[in-house]
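Trainee: Sequence:
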Amino acid sequence: MHIVTKNIICNQETFTLTNQRALYWESEGALVLSDLHVGKSAHFRKHGIPIPDNVLIKDLERLKALITFFKPKTVLIVGDLFHAEFNTDVAHFKIWLQQFPNINFELIIGNHDRLFLALYKDLNITIHRPKKSIKKTSFVHDNVKSNANEFIISGHTHPGVIIKGKAKQFIKLPCYQVSSNQLILPAFSLFTGLNTKNCPKECVNYAFTDGGIYKV
Numbered sequence: 001m002h003i004v005t006k007n008i009i010c011n012q013e014t015f016t017l018t019n020q021r022a023l024y025w026e027s028e029g030a031l032v033l034s035d036l037h038v039g040k041s042a043h044f045r046k047h048g049i050p051i052p053d054n055v056l057i058k059d060l061e062r063l064k065a066l067i068t069f070f071k072p073k074t075v076l077i078v079g080d081l082f083h084a085e086f087n088t089d090v091a092h093f094k095i096w097l098q099q100f101p102n103i104n105f106e107l108i109i110g111n112h113d114r115l116f117l118a119l120y121k122d123l124n125i126t127i128h129r130p131k132k133s134i135k136k137t138s139f140v141h142d143n144v145k146s147n148a149n150e151f152i153i154s155g156h157t158h159p160g161v162i163i164k165g166k167a168k169q170f171i172k173l174p175c176y177q178v179s180s181n182q183l184i185l186p187a188f189s190l191f192t193g194l195n196t197k198n199c200p201k202e203c204v205n206y207a208f209t210d211g212g213i214y215k216v
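Just so we're aligned, residue 1 is where the sequence shown starts under the working numbering, counting upward by one.
Simulated from the structure, these hints should not be mistaken for lab results.
Here the structure is a predicted model, which is why all the values come from computation and not from measurement.
Note that the Cβ used here is the ideal one computed from N, Cα and C, for glycine as well.
Certain hints may be false.
Heads up, simulated EDC-like pairs for lysine to aspartate or glutamate below, C-alpha to C-alpha not over 16 Å straight-line [stated by the list, open to error]:
| # | residue 1 | residue 2 |
| --- | --- | --- |
| 1 | LYS135 | GLU26 |
| 2 | LYS6 | ASP210 |
| 3 | LYS135 | GLU150 |
| 4 | LYS132 | ASP142 |
| 5 | LYS132 | GLU106 |
So the derived label-pair ranges between C-beta atoms look like this [as the list claims (entries may be wrong)]:
| # | residue 1 | residue 2 | range |
| --- | --- | --- | --- |
| 6 | LEU190 | ASN149 | 32 to 42 Å |
| 7 | GLU202 | LYS164 | 37 to 47 Å |
| 8 | GLN12 | ALA167 | 37 to 47 Å |
Between the sequences and the hints, there should be enough to build the whole structure, so can you do that?
Mentor: Encoded structure:
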């Protein structure tokens, strides 16, 4: 897996975007991502929809590679770590977590995070509701109005952008959406769609592929 990075400055803080659907905040030692949706593939299989059982494995391989690359103190998930009920995917994730005993895993509760509170404690995941604030940056799952001096980092919308080419050709790419007071993270899981219609006014899109990050 090839990790490409690009530094941007938001509200006087430097954030490192990656082409692997997560950003790194070096001054805080925090790897930040959203919408991992652990349990989604198992949930679909339970209801008779044939989804490959390696969907979660591939997502967790990318997350492990990012942890190895950045060596963060904290992994902060900005909502929808889980998708639905406890299932075999969640059990697999519990075992996966055990290889990182010295990293703090923290979660901003999202609309899909419906597991019993005791389970988060069992997983050693610190939860925050509705947001977590560090300095003048606040992390919240869904879009909210911010204070004048507050910068918001959120998820939830699974942002994407359409890039048009010649002869009516086009491609959809995941992206980070950045405005003067907000950064919307791409969905970390590959098993999600792309929302190309919900683009806030005056935002800049940073789309990415396996080979690079592009301001569009």
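Trainee: State for each hint whether it applies.
Mentor: Hints and how they fare:
no.	hint	in the structure
1	LYS135 x GLU26	holds, 14 Å
2	LYS6 x ASP210	holds, 13 Å
3	LYS135 x GLU150	holds, 9 Å
4	LYS132 x ASP142	holds, 13 Å
5	LYS132 x GLU106	holds, 10 Å
6	LEU190 x ASN149: 32 to 42 Å	holds, 36 Å
7	GLU202 x LYS164: 37 to 47 Å	violated, 21 Å
8	GLN12 x ALA167: 37 to 47 Å	holds, 44 Å
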